[in-house]
Amino acid sequence: MELPKHLDLLLLLTCGGGCHLDGTMLSGVVLMNELVKDSQILTRFNPPLQLKEHKTYEMALVNLETYYSIPNIHAGNNSFRYSPDDGANWFPIALSTGSYGINNISEEIQRQMQINKHKAKIILDANRATLRATLTLAIHYQVDFNVDNSLSTVLGFECQVYTYQIATNGYAEGEHIVNIISIDILVDCDIIHGSYVNGTQQSTIYSFFPGVDPGEKIIQTPKNLVYLPVTLKTISRMQTNLTDQDGRPIDIRGEHLTIRFHLREV
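Residue numbers for the sequence shown, in mature numbering (1 follows the signal peptide of the UniProt record, and there is no 0): -21 to -1, 1 to 245.
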């Protein structure tokens, strides 16, 4: 499809929530958004968008909406063990993959300890002034973070055993700031260029830090749009990916994802 003399289009990408294929009409063009993998959308244009050879085009991200469902606890950082009798017996704790705040982690620990008849003997909390996690132990109780896939990497404790005697009256504060939310989200689109991440040219059209707690809605609407050059003159497909700062695909765990792009003639 040949575009009008002065191009000014909003492209809507939406997928997720159990949907694997979604169609949108745009000035006679059908956009089929296919969820290739979680947070990877392949958009097919039927018919293809035909840009003018002698013109220059650019695109910016206008809006992104989803829910913060990105797991910060997974099989690689979900475990510790505790002893109720000065180290004579040990009980493992393992959290399921999910998006946790400190309170959520504490509640799940308490739930598992209640199963072992050890209610409220280990209390996990947060010192919001120091941004560190706190641990309160009942007498005779110990917590061992020196295990495989230790939760200590999230909570900021050392990989060691914490005892009532080592702590001050059973109270200990993590040696490091908690690492609950440590992810930058990059939106990559394969029809643009001119973006650099850590000195390397990439197809990143937008990046942000999700300034909300796990479970809350992410709404990104940039005040100042950053337009990047479009590399193609015929657009039959476009792939959009969400990655973290290390280039790894982000798992949004099936949540609905909506992205709007503005494509215009320069």
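If you're looking for bench data, these hints aren't it; they were derived computationally from the structure. No experiment lies behind these values; they were computed from the predicted model shown. Watch out, some of these pointers could steer you wrong.
[Said to hold, decoys possible] The calculated lysine-lysine pairs, modelled on DSBU-like cross-linking and capped at a C-alpha distance of 35 angstroms, are:
| # | residue 1 | residue 2 |
| --- | --- | --- |
| 1 | 100 | 212 |
| 2 | 196 | 31 |
| 3 | 212 | 96 |
| 4 | 212 | 202 |
| 5 | 34 | 98 |
| 6 | 34 | 196 |
[Unchecked claim] Pair ranges (Cβ atoms, derived):
| # | residue 1 | residue 2 | range |
| --- | --- | --- | --- |
| 7 | 172 | 98 | 31 to 37 angstroms |
| 8 | 118 | 155 | 41 to 47 angstroms |
| 9 | 91 | 196 | 25 to 31 angstroms |
| 10 | 34 | 196 | 20 to 26 angstroms |
| 11 | 196 | 97 | 33 to 39 angstroms |
| 12 | 95 | 145 | 48 to 54 angstroms |
| 13 | 89 | 243 | 51 to 57 angstroms |
We treat Cβ as the ideally placed atom computed from N, Cα and C, and that holds for glycine.
Hint-by-hint comparison with the structure:
1. 100 with 212: violated (65 angstroms)
2. 196 with 31: violated (39 angstroms)
3. 212 with 96: Violated, at about 67 angstroms.
4. 212 with 202: holds (28 angstroms)
5. 34 with 98: violated (69 angstroms)
6. 34 with 196: violated (38 angstroms)
7. 172 with 98: 31 to 37 angstroms: The hinted range 31 to 37 angstroms is violated for residue 172 and residue 98, with Cβ atoms some 58 angstroms apart.
8. 118 with 155: 41 to 47 angstroms: Violated, since residue 118 and residue 155 (Cβ atoms, about 26 angstroms apart) do not stay within the stated range.
9. 91 with 196: 25 to 31 angstroms: Given about 29 angstroms between the Cβ atoms, the range holds.
10. 34 with 196: 20 to 26 angstroms: violated (38 angstroms)
11. 196 with 97: 33 to 39 angstroms: Since residue 196 and residue 97 have Cβ atoms about 36 angstroms apart, the given range 33 to 39 angstroms holds.
12. 95 with 145: 48 to 54 angstroms: Since the Cβ atoms of residue 95 and residue 145 sit about 22 angstroms apart, the hinted range of 48 to 54 angstroms is violated.
13. 89 with 243: 51 to 57 angstroms: holds (54 angstroms)
Against the hints set out earlier in the document, violations occur for numbers 1, 2, 3, 5, 6, 7, 8, 10, 12.
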